[in-house]
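Trainee: Just so you know, the protein sequences line up as chains A and B, in that order. For the first sequence, the numbering used here assigns the number 1 to the initial residue and increments by one for each residue that follows. For the second sequence, the numbering used here assigns the number 159 to the initial residue and increments by one for each residue that follows.
Don't read these hints as lab results, they were simulated from the structure. This structure is a prediction, so every number in the text was calculated from the model and none was measured. Just so it is clear, CB atoms sit at the ideal spot from N, CA and C, and this is done for glycine as well. Worth double-checking, as some hints may not be accurate.
Stated by the list, open to error - Here are the computed distance ranges between Cβ atoms for each label pair:
| id | chain 1 | residue 1 | chain 2 | residue 2 | range |
| --- | --- | --- | --- | --- | --- |
| 1 | A | Pro-107 | B | Ser-385 | 45 to 53 Å |
| 2 | A | Gly-151 | B | Ser-412 | 52 to 60 Å |
| 3 | A | Thr-19 | B | Ser-412 | 41 to 49 Å |
| 4 | B | Ile-322 | A | Pro-107 | 50 to 58 Å |
| 5 | A | Ser-143 | B | Thr-471 | 32 to 40 Å |
| 6 | A | Arg-18 | B | Gly-436 | 45 to 53 Å |
| 7 | B | Asp-461 | A | Gly-151 | 30 to 38 Å |
| 8 | B | Gly-347 | A | Thr-19 | 19 to 27 Å |
| 9 | A | Gln-11 | B | Arg-317 | 47 to 55 Å |
| 10 | A | Pro-107 | B | Val-321 | 50 to 58 Å |
| 11 | A | Asp-97 | B | Lys-162 | 19 to 27 Å |
| 12 | B | Glu-507 | A | Arg-18 | 37 to 45 Å |
| 13 | A | Ser-58 | B | Ile-322 | 26 to 34 Å |
| 14 | B | Ser-232 | A | Pro-123 | 32 to 40 Å |
Letter by letter, the chains look like this.
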Amino acid sequence: VQEATVTNSNQRMEALYRTMGPKLWRSLLAYSSDPEIASDAVAEAFMQAIAHRGEIRSSERWLWTAAFRIAAGELSRRRTILLSSSEPTYEMPTSADHIMTALRALPMNQRIAVVMHDYADRPTKEVADVLAISSATVHVHLSRGRRRLRGLLEDDHD
Amino acid sequence: MTRKTDLRSLDTVGAPDLWPAIQSGRPRPVDFGPPARSTIQRVTAGVVALVITVGGGLLLMRAFVDSDERSAPSISLPGGDIATSGELIAFSTSQMHIAVIRPDGSNERVLTTGDEVATSVAGDVADQSPQWSPDGSSIYFVRIVGDSSWLCEIKADGRGFQVIDREFNGAHLALSPDGSQIAYDSKDGSLHLSALDGSNDQVLAAHVAGPWGGWGPNRPAWSPDGSQVAFAAPMKGAGTCAERCALWVMDVASGRRVNLTEDEPQGKVVSVTWSATGRIGYAALDGSVEGLPRIRLWTTEADGSDQQEIPSTGDIVPVAWSPDGSLLLVGRYRDAPTMKDEGLFIAAEGSLGLLIADARSAFGDWRP
Chain A
1 VQEATVTNSN
11 QRMEALYRTM
21 GPKLWRSLLA
31 YSSDPEIASD
41 AVAEAFMQAI
51 AHRGEIRSSE
61 RWLWTAAFRI
71 AAGELSRRRT
81 ILLSSSEPTY
91 EMPTSADHIM
101 TALRALPMNQ
111 RIAVVMHDYA
121 DRPTKEVADV
131 LAISSATVHV
141 HLSRGRRRLR
151 GLLEDDHD
Chain B
159 MTRKTDLRSL
169 DTVGAPDLWP
179 AIQSGRPRPV
189 DFGPPARSTI
199 QRVTAGVVAL
209 VITVGGGLLL
219 MRAFVDSDER
229 SAPSISLPGG
239 DIATSGELIA
249 FSTSQMHIAV
259 IRPDGSNERV
269 LTTGDEVATS
279 VAGDVADQSP
289 QWSPDGSSIY
299 FVRIVGDSSW
309 LCEIKADGRG
319 FQVIDREFNG
329 AHLALSPDGS
339 QIAYDSKDGS
349 LHLSALDGSN
359 DQVLAAHVAG
369 PWGGWGPNRP
379 AWSPDGSQVA
389 FAAPMKGAGT
399 CAERCALWVM
409 DVASGRRVNL
419 TEDEPQGKVV
429 SVTWSATGRI
439 GYAALDGSVE
449 GLPRIRLWTT
459 EADGSDQQEI
469 PSTGDIVPVA
479 WSPDGSLLLV
489 GRYRDAPTMK
499 DEGLFIAAEG
509 SLGLLIADAR
519 SAFGDWRP
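Next up, chain A with everything else stripped away, as it sits in the complex (with noise of 0.2 Å):
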């Protein structure tokens, strides 16, 4: 039984990444614009999740909150946030393209707020977790991001 235990908790981690791995690198991407920040998050954020599986009761929310954490952190040290001027680092489809440099046009806490909850379809709560602010705050964000984001797809369109 206990051998099935531990091969169940394997093949759990593993579905879990299948499952929302890729979803969750193509945020820390729209997020970071920085592939490397993205596989480094993820893969990062999976490794932290079995070494500390003694202690994460909601492994899913647990992993979306600190993949973006340590992008956040890497972004941080590296100075690299990108400018709306900046050119993508990585090959993408056209429209993909478009929105990936409107994206890098908001602030930290807006691109989070948007990539996480409207992209990613993450309750507001687990953004605000991420944050360490309140849901209601998180609202603002999306809001002012929301509008602005959708200003400048209007303006790339145009």
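Given chain A, work out where chain B should sit, using these hints.
Mentor: Same frame as chain A, now just chain B:
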């Protein structure tokens, strides 16, 4: 509120398969250079950057001016080594074994291997949350085995391992001052109180959630006389700690509990300690600034009065006090509290010195 932005075209971006790297890798180690040899050398040589200001250090010291020393008898260790009160710290290594080390960073000894008892789950055993017995002879700890957790005990000399409870289901353990009871946060999300043998289990409070869906450094803390327990729980007493997490104190006998941070919310409380003189130290996440939140350290009297902040670099949490109250064991994190462990440090006289980098930052206890 404005409607969602359509970002579905991001789904067309190809994502790499990182699972092979995850499966084969380990969390990146943090390099702090060679360990220091003594507290004095650590402080004077500045092995680690000055973190807690002199003012903060004085606050810590002031909290223990009248400390009553708990004194456990000396114990003999392998190799003829003798340890007296306050001369050993129990901790969990980064590989999740229980170990002890002297406060000056010497004589580290790993006590558990994970295979003392056959479990058929080799490689999936993790030991954490060590707590000294009042007489300083034994260490109680939590062993995570697969999806369950056990309450275990081992003698300070590494002998006498035993499993006390195989259906413990807790993560962070706090032993009462007289050693008769344990308070712990359970997998069910509640704060439990039980006898050391697991009997008389009762729920003290619901939803003592750690941050981000994990427990994090969320151990409860006992008052010196064992009549009260302090812990982090939702501000309103129910729900989760997703937004605000308060510092609560509960009278064990009556069940009456008080929110000490109701009038002066200091962010999201994530770690609580209680000094021998009755002063409570805790950490709280502050998200009032753009970007990643800081961890701020606070002390308060047990009735919630005289709350004071201890200046710090924003990445450390309190773990345990020395028996004489002059030193504070703290855990340090990189980027995300409860995540990337940078090990255990000792705060004293306005400075922070590395005790050991190869340690989980959430766990540690000073021998009485």
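Trainee: Indicate, hint by hint, whether the structure satisfies it.
Mentor: These are the hints, each one checked on the structure:
The supplied range of 45 to 53 Å is met by Pro-107/A and Ser-385/B, whose beta-carbon atoms lie about 48 Å from each other. Distance hint for Gly-151/A and Ser-412/B: a CB-CB separation of about 58 Å, consistent with the stated range 52 to 60 Å. Our hint of 41 to 49 Å for Thr-19/A and Ser-412/B holds, since their Cβ atoms are close to 47 Å apart. In this structure the supplied range 50 to 58 Å holds for Ile-322/B paired with Pro-107/A, their Cβ-Cβ distance being about 52 Å.
For the hinted restraint 32 to 40 Å between Ser-143/A and Thr-471/B, the CB-CB distance of approximately 33 Å keeps it satisfied. The beta-carbon spacing between Arg-18/A and Gly-436/B, approximately 51 Å, falls within the hinted interval of 45 to 53 Å. A C-beta distance of roughly 52 Å is found between Asp-461/B and Gly-151/A, which places it outside the suggested range of 30 to 38 Å. Taken as a hint, the range 19 to 27 Å holds for the pair Gly-347/B and Thr-19/A, whose Cβ atoms sit roughly 23 Å apart.
Against the hinted window of 47 to 55 Å, the Cβ-Cβ separation of Gln-11/A and Arg-317/B comes to about 37 Å, which falls outside the hint. At roughly 52 Å, the beta carbons of Pro-107/A and Val-321/B sit within the given window of 50 to 58 Å. Checked against the hint of 19 to 27 Å, the C-beta distance between Asp-97/A and Lys-162/B comes to roughly 20 Å, which is consistent with it. Taken as a hint, the range 37 to 45 Å is violated for the pair Glu-507/B and Arg-18/A, whose Cβ atoms sit roughly 51 Å apart.
Look at Ser-58/A against Ile-322/B: about 28 Å separates their beta carbons, and that is inside 26 to 34 Å. A hinted range of 32 to 40 Å is violated for the C-beta pair Ser-232/B and Pro-123/A, which are about 54 Å apart.
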